[in-house]
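Student: Residue numbers (the numbering used here), protein chains in the order written: chain B, 1 to 283; chain H, 1 to 283; chain D, 1 to 283; chain P, 1 to 283; chain C, 1 to 283; chain L, 1 to 283.
Please keep in mind that the hints were generated in silico from the structure rather than gathered at the bench.
Be careful, since some hints might not be right.
Stated by the list, open to error - List time: in silico SDA-like cross-link candidates among lysine to any residue, alpha-carbon distance up to 20 Å:
1. D:19 <-> P:135
2. C:35 <-> P:41
3. C:236 <-> C:214
4. P:133 <-> P:86
5. H:19 <-> B:55
6. C:23 <-> L:54
7. C:117 <-> P:148
8. L:255 <-> L:244
9. P:174 <-> L:18
10. B:117 <-> L:147
11. L:276 <-> C:8
12. D:222 <-> D:137
13. L:23 <-> C:22
14. P:72 <-> C:89
15. B:19 <-> H:240
16. P:23 <-> D:21
17. C:77 <-> P:71
18. H:137 <-> H:54
19. C:174 <-> P:41
20. L:117 <-> C:89
Unchecked claim - A few chain B residues that face chain H, going by a derived Cβ cut-off under 7 Å, partial list only:
21. 7
22. 10
23. 11
24. 18
25. 45
26. 52
27. 55
28. 233
29. 234
30. 270
Computed from a predicted model, the values in this text were never measured in an experiment.
For glycine and all other residues, C-beta sits at the position ideal for the given N, C-alpha and C.
6 protein chains.
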Amino acid sequence: MNYDDVAVVLAESLPYIQKYRGKTIVIKYGGSVMKDERLKRYVINDLVLMKCIGINIVLVHGGGPFISSHLKKLNKKSIFVDGLRYTDDETMDVVQMVLCGKVNKDLVNLIEDYGGKSIGLCGIDGNMIEARKASFKVDLGNVGEIVRVNPEVINDSIDDGYIPVISSVARGIKGELYNINADTCTFRIAVSLKAQNLILLTDVPGIMTDTQDSSTLISEIKLEDIPKMYRDNIIKGGMIPKINSCAEAIKSGVKSAHIIDGRVPHCLLLELFSKKGIGTMIY
Amino acid sequence: MNYDDVAVVLAESLPYIQKYRGKTIVIKYGGSVMKDERLKRYVINDLVLMKCIGINIVLVHGGGPFISSHLKKLNKKSIFVDGLRYTDDETMDVVQMVLCGKVNKDLVNLIEDYGGKSIGLCGIDGNMIEARKASFKVDLGNVGEIVRVNPEVINDSIDDGYIPVISSVARGIKGELYNINADTCTFRIAVSLKAQNLILLTDVPGIMTDTQDSSTLISEIKLEDIPKMYRDNIIKGGMIPKINSCAEAIKSGVKSAHIIDGRVPHCLLLELFSKKGIGTMIY
Amino acid sequence: MNYDDVAVVLAESLPYIQKYRGKTIVIKYGGSVMKDERLKRYVINDLVLMKCIGINIVLVHGGGPFISSHLKKLNKKSIFVDGLRYTDDETMDVVQMVLCGKVNKDLVNLIEDYGGKSIGLCGIDGNMIEARKASFKVDLGNVGEIVRVNPEVINDSIDDGYIPVISSVARGIKGELYNINADTCTFRIAVSLKAQNLILLTDVPGIMTDTQDSSTLISEIKLEDIPKMYRDNIIKGGMIPKINSCAEAIKSGVKSAHIIDGRVPHCLLLELFSKKGIGTMIY
Amino acid sequence: MNYDDVAVVLAESLPYIQKYRGKTIVIKYGGSVMKDERLKRYVINDLVLMKCIGINIVLVHGGGPFISSHLKKLNKKSIFVDGLRYTDDETMDVVQMVLCGKVNKDLVNLIEDYGGKSIGLCGIDGNMIEARKASFKVDLGNVGEIVRVNPEVINDSIDDGYIPVISSVARGIKGELYNINADTCTFRIAVSLKAQNLILLTDVPGIMTDTQDSSTLISEIKLEDIPKMYRDNIIKGGMIPKINSCAEAIKSGVKSAHIIDGRVPHCLLLELFSKKGIGTMIY
Amino acid sequence: MNYDDVAVVLAESLPYIQKYRGKTIVIKYGGSVMKDERLKRYVINDLVLMKCIGINIVLVHGGGPFISSHLKKLNKKSIFVDGLRYTDDETMDVVQMVLCGKVNKDLVNLIEDYGGKSIGLCGIDGNMIEARKASFKVDLGNVGEIVRVNPEVINDSIDDGYIPVISSVARGIKGELYNINADTCTFRIAVSLKAQNLILLTDVPGIMTDTQDSSTLISEIKLEDIPKMYRDNIIKGGMIPKINSCAEAIKSGVKSAHIIDGRVPHCLLLELFSKKGIGTMIY
Amino acid sequence: MNYDDVAVVLAESLPYIQKYRGKTIVIKYGGSVMKDERLKRYVINDLVLMKCIGINIVLVHGGGPFISSHLKKLNKKSIFVDGLRYTDDETMDVVQMVLCGKVNKDLVNLIEDYGGKSIGLCGIDGNMIEARKASFKVDLGNVGEIVRVNPEVINDSIDDGYIPVISSVARGIKGELYNINADTCTFRIAVSLKAQNLILLTDVPGIMTDTQDSSTLISEIKLEDIPKMYRDNIIKGGMIPKINSCAEAIKSGVKSAHIIDGRVPHCLLLELFSKKGIGTMIY
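Isolated chain B, as found in the complex (with noise of 0.2 Å):
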């Protein structure tokens, strides 16, 4: 590319930093597209762009498969039920120290890396997110539900400058910690925040009506469109519990949810910086 077309690039970008600077934008990065160093990289390299030109960017990670290797490693297996990991409160403990120490901890320093100021937090911190035990059919051990999100810590931290990245484990009344979902807790925290947007980064192209054909991706979905996808079996399998997060996101004022794949380099920019996204935008 020469240069003139790198000028011609960023002068055209400005309409896109005017719809979102002073925006609040919740993202969730999931555990299975964190894997690819370079893909990270591409992914925080964006996020402190975005943060850089004014917009409040809030990062809400997993780590399933971390957590899966390094209960591996102590020779504990790794049991789900309905896709939800039974959590005893051994593998509490690993969650706990895995997710708020390791996976937490290295993307703040990648953010760094990249020149941006970060802080990582968890629904410990400032008493951020308080849960309960959930109940399922089976016990589930220290999976919990979250009663409420108090944003203060986040408000401070994006007051202060920060790119607060949040873990997704929770107290409980008693000070007892529960393991939560991620796609959950960032649904809950934008709503807390008033965001303007939440973004699911994943590792599926978005919505299609042919899981296996990404030809068949749906670029946008309104809200009203979404029972009659469920009875047409468009939505289902892990993707319900996104597109349900999704959902709610919307009922409570966030303004557009979006579905993107975590896999594609610079998806965030795709997504937010150019005409045509490349995921599955709810609104």
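Position chains H, D, P, C and L against the provided structure of chain B, taking the given hints into account.
Tutor: Below, chains H, D, P, C and L without anything else, positioned relative to chain B:
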């Protein structure tokens, strides 16, 4: 250009944004490069973009051709002595009206077309520029030289979020008005604001060993090399006051001064946001 | 006058200062009363005094005679239809140059001579006044009517300690410029600022039962008496738009509107700082 | 006086308002000039006016005659040694009650009658004035000399918009109370506040060559002329401590000190807002 | 007591500190409990402590015995009608002098001995309490009833870090002064400040079924139980106005009102910082 | 203990509260004294109390035993050289997970149980601690030495009302992570914050002439006595780095450093809020 390239360009702009964010850049926009409406729009688009990503932009403008043209309508000839306009009282009125009333407010208007917030000022507003009659071999009337710059009103408008656009008209201590050189005005304002950079948008590619051959463009000049360049006759003619302004600015704390070709589309972005600038940088 | 009297006058001004301190007063300064240099200096002295004791002064000016005079130099005739200037594109340029460049900045300059801090603005700056083409029986060219006033830039300049001086030139949503009526402009600005008072400096003593006999001056008019005065033909001619502006201002929350004789020395102080004003107050 | 004169007087006060606006003036109001209720009201009116136009007014008061009168009611004789009141413990109680409880709060009350905001303080409040027992040839009991002034509480009340009224009662480091000289108190407060002016309202026209002949009033005294005036016996008697206070104030940075006749109606305005003051200015 | 116990006591005070920190508590300090110097020092020590740990303390004081004593020195008899002091003009002067000048400033002085920052105010300062003549069967002279409380000056002094000490003297709209009941004054101030608690320091243990037997102390009274207690004659005599003040305060938003025995050492800490208070709490 | 004693203890704490209020105290909480859950709760209770009365608390923690225990679960042996843990990459991961993820967040969690506001940080967050590989006779892997401390993120969290809890993990300029000594970390943080006090909670009573005999505890050590104590072999073994940290802190402006026995209940309150502390104070 495809979308991926767009994302790459944006992503790679991060270090440049980090470099200039929060800094003050004073830009001189000469009358000679203001005539092509399409190019003017490029300049304005880029100014608004730079402001939008957190750079404090101050725009100082000239407008010689517009003054001459209006004088002609009044059947008054433009007289120049050593490149300076002979400015009797009637001419001073026209200078004031054309610069402060027309060129200035039209630039403000255009910035707002691009979604920017702007305010049009001159050296009279907020007692910004105090001047006195400049003395030359011939009496040039109301041509003034700057006594002092009071940057308060510029700082107020930056703090309030505006791009100040400034006409090079100043006031004497008795309230008399003066026509002052826009290049000098720019450098004095840059120094008073403790600006990081000074950029002169001209109608030449920069300093060239052979002014007829743009391939002889000198990309970078160190302050200490300037005396030799005068001796070697590389700096001459209309370039002399420009180089002097740049040199004085740097001696007074401005980090770098740039003489670039205002006729190149997106010249500002090319100079500041790419590895290799397009004009001559003095530092 | 002896010194004791001076002290008594000052001492007795206390209740008036307490009445207006911290309030906003918008003053229309018509072109017709701006011609006598000595009177102009009285007006400016009084404005600076009022600002100095803590009143937020906003000055809106006209400048018709100066426009006509400059058009004449360009061999262009001033054409008026029902008191409104026919404004083709060339005339619009002159209106802009004379008002924003000359009349405006000269007033700013004079305020600074009296030790005040001032800033010269027009409806373009800070996107202050949005207008659209006004429709009349005849096409009057670029004569506009106000769509909305955005007082942000005025409030910013008041907060920063300046007396804003405002020319009645506005911009359309496509960036086209309009010549707008200064009386209307003043009242719309007063309303947008939630000003306490509106003062029109005119070349008549106020509303008179017999316009030839200044002893028939009506000192106070209640809003509800205006319709009857129209029917009785007391309000007529050029006074109609002024009374309408005043009435609209009061309906929109301005406490009182004053039509006073700008040719009387220190008319502003006489109207506001003495028991019996000199013109007509509508409330 | 007709209305035009009123306007002229007000208009001509501009340079005086500009001179004192934002500055701090500390005024000593002696007990001897506080007895005439009508004159007291003039003084208070003028103080409120000066505060209202943006001057930071601090009022320090005495009250000797009121103390003597109350002591008399208690069948206690006032004893003076070299002009200083012999202050045993019972007298100290009366000094405190009369000054802090009666004279002080009555002044605050009167200021509020004129629409001012005021607060009544003494050297105890906010640890304002630390004193210790003063030593004289004779033991004068609880007569103190100032060790240090802590202006925090005065500055707080100025910042909050009040006119602080201050009684000359101070505290020792063990909490014991002292009767201190109000003139000294005034000058020490002025210095601690970095005040611009110090004004002593007395019952004489100022410094006179012949104290019996008011036509011998000296309008201005330079600091360096004072030693000679002592030698020439022009400064003598009760004027000595006043001149000393003024001289010390000026040496410590106060711009000018004024000794004026508090019995002249509107003496403060006459001294500060007219070309020729009415008393003696030391600078 | 050994050191370990000290640490335990401090450690266990945490929940109480957390409960009151940042809240406003208005305390009435009656003249009858102010006579014992040692007890007074305990009260002041505790006030400064409470301020120091972040509680906003406001102290309203009485001083009846000191007034009577000073009147006696002046050979003036104290006359009471239904517990209210007959206040002719001469008495009013003494009330003002003794309360505002002596009792008030002595309390301020003592607070500063304990390292606190304090300021002595009365209802005159900052136009704090407006009163009018109260009407009774007999004319009681300058006994007033409160019309309104303007808490601005109290809030200013709290914001500036002071403990305001307030005398119950008020001003009428014509500047006339009134002697007002300190209990009523306290509750009206508490309501105007939206205080959390109101505490009356009295010379009885609290409300007792049998006023001669302190073992009949009632620890807690609900607002709704008060009417019955009147009927049962448990609330009677001097306790009636106190209970009325407490009840009114609670109806107006104060969380709880406490009547406690000011003669018990550290009564304030005992009431607020231990599980079981020492007096009667109404809520 | 009866209630009166409680009140006396609280009342007598006033001078200590006044001494530390508004000051910053940095506390090192060693892993060895963190194992007893009851004692840990005492420490946390006292920290929250101290924060609550206005002391800026910063908690730096270790966690060696927890690291060793987790390594053992992973079948990895802890290797120490001269008291320093050999830290290969796998160990570094465990250090990071255990300190930043488990020990740190558990402390935050406990603080919130006591009603405090807390935030868990490490040297990575906000680019707080920059380190580089420390060189020893043997290669210890990722053991680092501090290059500089950037206290911005700590100050931000103090200003926002949090107790920052800090893990001793740092980042190199290339983003590599280091295991750093918690004592050094504490003193460097104390210096960067211009803290008033530094407290090391250890598992010994303080510095003792005979380490086996707690009656030989030295209560106070002057900075200048330290060299002699080294020569006399009183400072030795694991105490050497602690004393060095304390000495360096004091040389850099910290007022006093305290080595106290973290196993004594309420050791912090005993050391700071009673006349005679419990450990060794260096000043």
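Student: Take the hints in turn and mark each one as holding or not.
Tutor: To see whether the hints hold, each was checked on the structure:
1. D:19 <-> P:135: 52 Å, violated
2. C:35 <-> P:41: With Cα atoms ~39 Å apart, residue 35 (chain C) and residue 41 (chain P) exceed 20 Å; violated.
3. C:236 <-> C:214: With Cα atoms ~16 Å apart, residue 236 (chain C) and residue 214 (chain C) stay inside 20 Å; holds.
4. P:133 <-> P:86: 12 Å, holds
5. H:19 <-> B:55: Cα-Cα ~18 Å, so holds.
6. C:23 <-> L:54: 15 Å, holds
7. C:117 <-> P:148: Given pair residue 117 (chain C), residue 148 (chain P) holds - Cα atoms ~17 Å apart, limit 20 Å.
8. L:255 <-> L:244: Cα-Cα ~15 Å, so holds.
9. P:174 <-> L:18: Judged against 20 Å, a Cα distance of about 18 Å means the pair holds.
10. B:117 <-> L:147: 19 Å, holds
11. L:276 <-> C:8: Holds, at about 16 Å.
12. D:222 <-> D:137: Cα-Cα ~33 Å, so violated.
13. L:23 <-> C:22: 19 Å, holds
14. P:72 <-> C:89: 18 Å, holds
15. B:19 <-> H:240: 43 Å, violated
16. P:23 <-> D:21: 18 Å, holds
17. C:77 <-> P:71: Between residue 77 (chain C) and residue 71 (chain P) the Cα gap is close to 18 Å, so the pair holds against 20 Å.
18. H:137 <-> H:54: 45 Å, violated
19. C:174 <-> P:41: At roughly 14 Å apart (the allowed maximum being 20 Å), residue 41 (chain P) and residue 174 (chain C) satisfy the hint.
20. L:117 <-> C:89: 56 Å, violated
21. 7: Holds, because the Cβ-Cβ distance from residue 7 (chain B) to chain H comes to roughly 4 Å (cut-off 7 Å).
22. 10: 5 Å, holds
23. 11: 5 Å, holds
24. 18: Hint holds; residue 18 (chain B) Cβ to chain H Cβ min 5 Å, cut 7 Å.
25. 45: 5 Å, holds
26. 52: 5 Å, holds
27. 55: 11 Å, violated
28. 233: 31 Å, violated
29. 234: 26 Å, violated
30. 270: Result: holds, 5 Å to nearest chain H Cβ.
Hints 1, 2, 12, 15, 18, 20, 27, 28 and 29, counting from the list given before, are not met by this structure.
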